[in-house]
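**Student:** Sequence:
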Amino acid sequence: MARSSPLDKHTLVKHLRTTFDEVVAVTGDGTNDAPALHEADIGLAMGIAGTEVAKESADVIILDDNFTTIATVAKWGRSVYINIQKFVQFQLTVNVVALVVNFSSACLTGTAPLTAVQLLWVNMIMDTLGALALATEPPTDDLMKRTPIGRKGNFISNAMWRNILGQSLYQFVVIWFLQAKGKAIFGLNGPDSDLILNTLIFNSFVFCQVFNEISSREMEEINVFKGILDNYVFVGVLACTVIFQIIIIEFLGTFANTSPLTFSQWFLSLLIGFLGMPVAAGLKMIPV
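Numbered by this note's numbering, the letters in the sequence shown go through residues 1 to 288 in order.
Don't read these hints as lab results, they were simulated from the structure.
Backbone N, C-alpha and C fix where the C-beta goes; we use that ideal spot for every residue, glycine too.
Hints may be right or wrong, so weigh each one.
[To be verified] Derived PhoX-like pairs: lysine-lysine, alpha-carbon spacing no greater than 20 Å straight-line:
1) K145 to K14
2) K75 to K284
3) K284 to K226
4) K75 to K145
[To be verified] Simulated restraints, written as ranges between beta carbons of each label pair:
5) N95 to A71: 32 to 40 Å
6) N158 to A2: 20 to 28 Å
7) G227 to L108: 27 to 35 Å
Build out the structure end to end from the sequences listed, making use of the hints.
**Tutor:** Written as structure tokens, this is what we have:
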């Protein structure tokens, strides 16, 4: 729109927003750009060459007057949005499984396999450590290849529901199978059989969350290990979770109401958690 007047720019932006229902961003640096900057969904003014009128009418000021900064901001914005989605997916999976397992077990058997202290530790994994791990995922160039999310789009997408329900179902079935057949499988007949079985269930549940945290790095891509070593916070959180879990099981039995496990029981816990990853990969092949 060469040689256009301020009214022409304002009219163009207005019709793009109202007639075509588009999300419009406008860049400008002069006083004549102020009406269009104000009308746009996002007005971007130049911080160095821009006039004060343009800056006051804009929503964002580009301090370095570099257009590539706009792309960088968009990439970081998408990264933050998707990282929050990953965390919510991970959090809802943990919540659903813990709630359903304890509630159904309490109703059917009169006891809950996960104690208050154990749930507190799981809550730390879910909220504090999980948020720290998934929220620190750095932005990638692939984010700019994705279709923008509409202003009326659902925050919890169909892909997220698919992953949450599928992973929750897997964990619930495995934990219930352990609760029903665990004593027979491991030959637990002594006075501590219930304590050992509940410890095994708790350990398996935690490792399900550890491996599910890895799977949650990508909601639709099967390769969840891409760039994982570049995120030192994520790797550190996983390592700390595993180390603290070992300490809780082997050394804090009185406090956490757990019992030391044998090598085979530890291996089974790890295997149950690991099998959640191929389950997650299979779920991602289901179109939604």
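**Student:** Assess, step by step, whether the Cα of K284 is no farther than 20 Å from the Cα of K226, and give holds or violated.
**Tutor:** holds, 16 Å
**Student:** Holds or violated: K75 and K284, Cα atoms, limit 20 Å.
**Tutor:** At roughly 24 Å apart (the allowed maximum being 20 Å), K284 and K75 break the hint.
**Student:** Mind checking the alpha carbons of K145 and K14 for me, to see if they're no more than 20 Å apart?
**Tutor:** violated, 27 Å
**Student:** Just tell me: holds or violated, for the beta carbon distance of G227 and L108 against 27 to 35 Å?
**Tutor:** violated, 44 Å
**Student:** Take a look at whether the Cβ-Cβ distance between N158 and A2 falls inside 20 to 28 Å.
**Tutor:** With Cβ atoms ~44 Å apart, the hint is violated.
**Student:** Holds or violated: K75 with K145, Cα cutoff 20 Å?
**Tutor:** With Cα atoms ~10 Å apart, K75 and K145 stay inside 20 Å; holds.
**Student:** Is the distance from the Cβ of N95 to the Cβ of A71 consistent with 32 to 40 Å?
**Tutor:** holds, 36 Å
When held up to the earlier numbered hints, the structure conflicts with 1, 2, 6 and 7 and fits the remainder.
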